[in-house]
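Asks: Quick mapping for you: the protein sequence lines, in order, are chains D and A.
Using full-length UniProt numbering, read the first sequence as starting at 1 and increasing by one per residue.
Using full-length UniProt numbering, read the second sequence as starting at 1 and increasing by one per residue.
Treat the hints as calculated values from the structure; they're not laboratory data.
Fair warning: there could be bad hints in the mix.
With a Cα cut of at most 30 Å, we get these calculated BS3-like pairs of lysine-lysine [to be verified]: (1) Lys423(D) with Lys147(A); (2) Lys523(D) with Lys88(A); (3) Lys10(A) with Lys313(D); (4) Lys221(D) with Lys10(A); (5) Lys207(A) with Lys137(D); (6) Lys278(D) with Lys147(A); (7) Lys293(A) with Lys149(A); (8) Lys10(A) with Lys306(D); (9) Lys582(D) with Lys599(D); (10) Lys313(D) with Lys207(A); (11) Lys313(D) with Lys147(A); (12) Lys278(D) with Lys207(A).
Which chain A residues stay away from chain D? Per the calculated CB distances, all over 10 Å, these [said to hold, decoys possible]: (13) Arg11; (14) Val104; (15) Lys175; (16) Thr185; (17) Ile206; (18) Glu239; (19) Asp241; (20) Cys243; (21) Leu246; (22) Ser247; (23) Ile248; (24) Tyr251; (25) Met252; (26) Arg256; (27) Glu264; (28) Asp282.
Keep in mind that this is a model prediction, so the values were computed, not measured.
Heads up, the beta-carbon is just placed ideally off N, CA and C, and yes, glycines get one too.
These are the residues of each chain, in order.
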Amino acid sequence: MAAVQWRSRGRSYDAELQRCRTEAAAIEFGDYHPLKPIMVTDTKTRRGARKGSTSSTSSSSSSAPSDPLSSMLDGTDPLSMFAAASATDTPAMSHSSSTGDIGKKRREKEEEAVGPDFEPWSSKRGDILARFTTTEKLSINLFMGSDKGKAPSPGSSAVSEKVRTRLEELDDLEEGSQRELLNLSQQDYANRIEELNQSLKEAWASDQKVKALKIVIQCSKLLSDTSVIQFYPSKFVLITDILDTFGRLVYDRIFTMCSDPQPLPDGFTVEDVNDTAKETCLNWFFKIASIRELLPRLYVEAAILKCNRFLNKSGIQETLPRLTAMIRGIGDPLVAAYARAYLCRVGMEVAPHLKDSLNQNFFDLLGTFRQISGESVRNQLLLQRVEVPEYLTLYSPAINWILQCIAYRAPEPLLMEMMERCKTMANNALLLNSVMRAFRPEFVAARATDFIGMIKDCDESGFPKHLLFGSLGRSLACADPPESERLTILNEAWKVITKVRSPQDYINCAEIWVEFTCRHFTKREVNTVLADIIKHMTPDRAFEDAYPQLQSVIRKILTYFHDFSVLFSMERFLPFLDMFQKDSVRVEVCKSIMEVFIKQQVELTRDPVILNAMLHICKTMHDSVNALTLEDEKRSLSLLIIGFIRMVSFGRDFEQQLSFCVEARATFCNLEPVLVQLIHTVNQLAMETRRVMRGSHSRKTAAFVRACAAYSFITIPSLSSIFSRLSLYLLSGQVALANQCLSQADAFFKAAVSILPEVPRSISVEGKLRSSEAFLLDFINNFLATLLVVPDHPEHGVLYLVRGLLNMVQDYTWEDNSDAKVRVYVSALPLLAAMSQEAYLYSIPKVDSNETLYGGDPKFLSEINKLCETLIGQILDHLKVLGRDEQQCARRQGALAFSLFGVLLAHGDLRNNKLSQLAINLWNLSHKHGYCETRVSVRTLEYTKHLAQQPDMSHLSDTIQRLALQSRT
Amino acid sequence: MSVTLDIRLKRANKVYHEGESVAGVIVLGCKEALQHHGICLSMEGLVNLQLSSKSVGVFEAFYNSVKPIQLISSNIEVAKAGKIPAGKTEIPFEFPLHTKGNKVLYETYHGVFVNVQYTLRCDLKRSLLAKDLSRNCEFIVHCQPQKAKVVPTPVNFTITPDTLQNIRERSLLPKFLIRGHLDATNCVISQPLTGEVIVENSDAPIKSIELQLVRVETCGCAEGYARDATEIQNIQIAEGDVCQGLSIPIYMVFPRLFTCPTLETTNFKVEFEVNIVIVLHDDHLITENFPLKLCRV
């Protein structure tokens, strides 16, 4: 094809805009909106009382989108149903007598059941296991096949021959298989116990019930062993797990035995249970009653306590007091206390309404309390080299639990009575501690002063006082004591706490009291507390062992102090932070502070105290970044720092803001996202200045915005991400232009052009390698749009930047088999066409674009046209190349040809015959291979017709006639 | 060719009383039809007496004279020779528990020297080539409840070094005072033995307190008799140095089968005793014995 002559179509943007406007249809702000989700909110009322039509709710589109999770729960969740039922039960239930009955039953059940406010055992387990540890060697002594001949499970003989032979087999199998495992570490021990748990399940699954029972008996026997006494609470936890498993297995089995025709209802009675199941159940109880040793007999019977439901109504009610009394036979007070705890636990699970045996348990405990200081215990402690205070703490979990069970929904007078009883005991610190832990915090808080008095009266050598104050503090953290007493309480408590010598004990206690202090007092008191903590934790670098507690202190302060100016004005806060000397911990602390800051700080700030402190904190975070830091970590740190930077505002003091940015840049140079944010901030600053000056800068502000531009200009090159650099250059260039800094803008754009060749062909996006082509095209198009308003540099030739850009595009090593380069050319044509208009589509106030510079100079226009012709030539060449390779490139060729056709139609002056001929050729070319979408073609044609109807476009009708639609064959 | 033969009693607990009928089904299961020469079922109640090894010397001459005593026996033919169809076949049966003459049905009891046992035995005869099948099934007989009212006769006890008999050196004993009571020595067999024990004081720490249930079985005839006491079970009620002055419950369930109402006949006797055994830390063993009379109401 011969070289074409380009003529841009003259455009009158205003007229076009006018025409568009008249055609614009009024937008209906009706119900319908394509983005509005179509929702049918299913409002199922639980009682079905109001079955409103669903359509009515669906039209009220303001309702929140239905959450699939909540809708799942809706109605099917037994708990919420239950709650709903109890909330509205009387009116709803009075419809008929039968529903009324159900209501009554439900109410009864509710009284029985333990509510969610009862802290379950499972939540204590972990604590106990973590707290009571040992490095001593442990041993497990399992003596399977014991008691042979003595008590050959009398109950079982009645069952059948089968069982008896099995029993014998078992005895043979494990004849005297006494296994003593010595020298176990704590972990080994736990593993062994877990193995036993597994083998219990296996034995059960393989129908070896007797073996299962033996395992359970042997395990519970381990509980009578108090060697390595520090580990006892943990041992208790491990072994009662096995007992729980066993209890569940037995119950489930008997339950399924009864569910032959249909499963038993939940609230079944004895009459529903069939004889076989009863007999099996009875067998279990007989078998257990003949266990020789006290402790296993007790524990195993407690484990299957629930099975009494199958036998008779009052079984549990009678068994609990009996088992309670049985515990009196246990000589070791620690073993007895834990047995009581277990019994209370099982009792709470099975029959929470039977409070009497709980109370009895506690009274028995008090009755045997003097044993704790008895001779046997003393000898044992001496032997094991355990101090009395440590020994006493071993009781805490058990007594806490017992008291918690008692205190649960207990009336105030009962609690008072319990407390009075504890008071009268000698050496009652242990009990006092448990009372404070287990009773309602409100109860404790109301009597805080009394408690302090009691704590003071306690024996110095007994239960550690810091633990007592810790327990008190824990209660006070959840419930408020009377206002008038608060300061006294704090003073009294702190007086004791500050005397605690061991740093570890001290910090454990102090950490708890920080919450109380923060809750009720001002920064002054908190500051004092912090100072005290620093004083205690600094010697011998004691803080190194207390990071978790110190972190918790910070967390607590942050939950109560949201005003950061107050927070940082605490003298001791920053020195406190200095105690976190381990890098990872320090960063974590800083992060937590930042998170709270970002969440809570709503107003922009310029407070120097906050800024200094926050800069310090952010710097700490920033300085933790090194070569080994993970990307995610960097990202989260950056986000936090960015959050801070966005909160900083000096109001009208722009220079201060800029200098802050300068400082921040120096401080956070390793985190790219922060630098990007800084550049954005500075750009925003420049624009803000412009807004304040209403577009016309004074000498001073002009200098300032130039400084801003300079800031951006020197910051951008330090970024490593090429696309951040490109887009920031562009953006900063635009900002500079808007602020009439022409040479700066020029520099930005030149820099952008000059780094274009550096763009790699592929970049990694979210860890995957992707072609960069789409990003690059995007950027270039954006850039071209900006170039329309950039005036030519007086020292360089016409269209210096456009040419430079196009040159770069030409030299860039594009991907093989890619049309990207040509697509850039195609998109450059509209720019050039726009440049040749008399009045430009858009312009920047107070900046003269080329339109004014050249004023429609024919030389300028011909320059543009020449450039267009070169571009079209290049495009046509490329089309030709594509034409050679038939199959592969036909589609690409068609698409390119069509897009060029579009450009010609929109921007070319088709009065020119050659150009119109070219357009027709391109149309035909794009339809040649039938890859063109017919619908698009049709619409293009329609548009062209529409265009032709307009004044001075009539020449198009000729062209239209020559554009043939290709019917698909 | 697997054939299963089983006897299933109607009552899950297999407990029957005199005058009642032992009812149940014989369950036959086979994959294919089975030819047989008749199925019969027999019920038998026996008292087995055995002489203890230490008495054997004395009674060697009479060894054979201690024959089992038959209490009840009956036989029925369940099915005549014929064929059983494949699958599961259930043949119901019923035996009345009636004694002949003035014989009494003693309660089921499994002891060492005396055994009272009731069994059902089912035999399936087959041709010469195939083995006969048989199946045993024990059922339990409880004797008729006692008509007279049980007088519990509680008993109090106090144990001090001075109350003890049969000790070698009284002076070596540490001082102690243990009190307590049993709620009943005339016990109802279905109810637990209860009571309490209180360690008022003790110089030596206590290691364990146990309840030992003992059976005393007497076998004899005109020529003489043998009396043996053996342990049935030993239940620990206190472990370790228990709190002084605190009452510790005595509680023991009488094991089934191994206990029966106290029995006295011309040929044998079965009696029970309970020992409260206190073990001190220096391994001193203190035992207090209480004869019990068990009965069924």
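Asks: All hints, please: hold or fail.
Replies: Status of each hint after checking the structure:
1. Simply put, Lys423(D) and Lys147(A) have alpha-carbon atoms about 55 Å apart, too far for the 30 Å limit, and the pair is violated.
2. Annotation: proposed proximity of Lys523(D) to Lys88(A) is violated, straight-line Cα distance about 86 Å (limit 30 Å).
3. A C-alpha spacing of about 25 Å is found between Lys10(A) and Lys313(D), which places the hinted pair at or below 30 Å, so the restraint holds.
4. About 39 Å separates the Cα atoms of Lys221(D) and Lys10(A), which puts this hinted pair outside 30 Å; it is violated.
5. Proximity of Lys207(A) to Lys137(D) is assessed by CA-CA distance (about 25 Å); at most 30 Å being required, the pair is judged to hold.
6. Of the pairs offered as hints, the one joining Lys278(D) and Lys147(A) holds, with about 28 Å between alpha carbons and a cut-off of 30 Å not exceeded.
7. With a CA separation close to 13 Å, the supplied pair Lys293(A) and Lys149(A) stays within the 30 Å bound.
8. Taking the CA atoms of Lys10(A) and Lys306(D), the gap is about 28 Å. The hint holds against a cut of 30 Å.
9. Simply put, Lys582(D) and Lys599(D) have alpha-carbon atoms about 26 Å apart, close enough for the 30 Å limit, and the pair holds.
10. Taken as a hint, the Lys313(D) and Lys207(A) pair is broken in the structure, with Cα atoms around 37 Å apart against an allowance of 30 Å.
11. Our distance criterion of 30 Å between C-alpha atoms is met by Lys313(D) and Lys147(A), whose separation comes to about 28 Å.
12. Simply put, Lys278(D) and Lys207(A) have alpha-carbon atoms about 37 Å apart, too far for the 30 Å limit, and the pair is violated.
13. For Arg11(A), the shortest C-beta to C-beta distance to chain D comes to about 7 Å, within the 10 Å cut-off, and the non-interface label is violated.
14. Every C-beta of chain D lies more than 10 Å from that of Val104(A), the closest at about 22 Å, which supports listing it as non-interface.
15. Residue-level check passed: Lys175(A) sits 15 Å from the nearest beta carbon of chain D, beyond 10 Å.
16. A cut-off of 10 Å between C-beta atoms confirms that Thr185(A) is not in contact with chain D; the least separation is 20 Å.
17. The non-interface label for Ile206(A) is inconsistent with chain D: the shortest C-beta to C-beta separation is roughly 7 Å, within 10 Å.
18. Its beta-carbon lying about 5 Å from the closest one in chain D, Glu239(A) breaks the requirement of being farther than 10 Å from that chain.
19. Interface exclusion of Asp241(A) from chain D breaks down, the closest Cβ pair being 4 Å apart, not more than 10 Å.
20. With a cut of 10 Å on Cβ distances, Cys243(A) falls inside the contact zone with chain D, its closest approach being about 4 Å.
21. Residue-level check failed: Leu246(A) sits 5 Å from the nearest beta carbon of chain D, not beyond 10 Å.
22. A Cβ of chain D approaches the Cβ of Ser247(A) within 10 Å, the least distance being about 7 Å, so the stated non-interface status is violated.
23. Against chain D, the non-interface label of Ile248(A) is violated: not every CB pair exceeds 10 Å, the least being about 5 Å.
24. Taking the minimum C-beta to C-beta distance to chain D, about 7 Å, the non-interface status of Tyr251(A) is violated against the 10 Å cut.
25. Listed as a non-interface residue, Met252(A) fails to keep its Cβ farther than 10 Å from every Cβ of chain D; the least gap is roughly 8 Å.
26. Distance to chain D contradicts Arg256(A) as a non-interface residue, since its nearest Cβ pair spans about 6 Å, not more than 10 Å.
27. Every CB of chain D is more than 10 Å from the CB of Glu264(A) (nearest about 23 Å), matching its label as outside the interface.
28. No Cβ of chain D approaches the Cβ of Asp282(A) within 10 Å, the least distance being about 14 Å, so the stated non-interface status holds.
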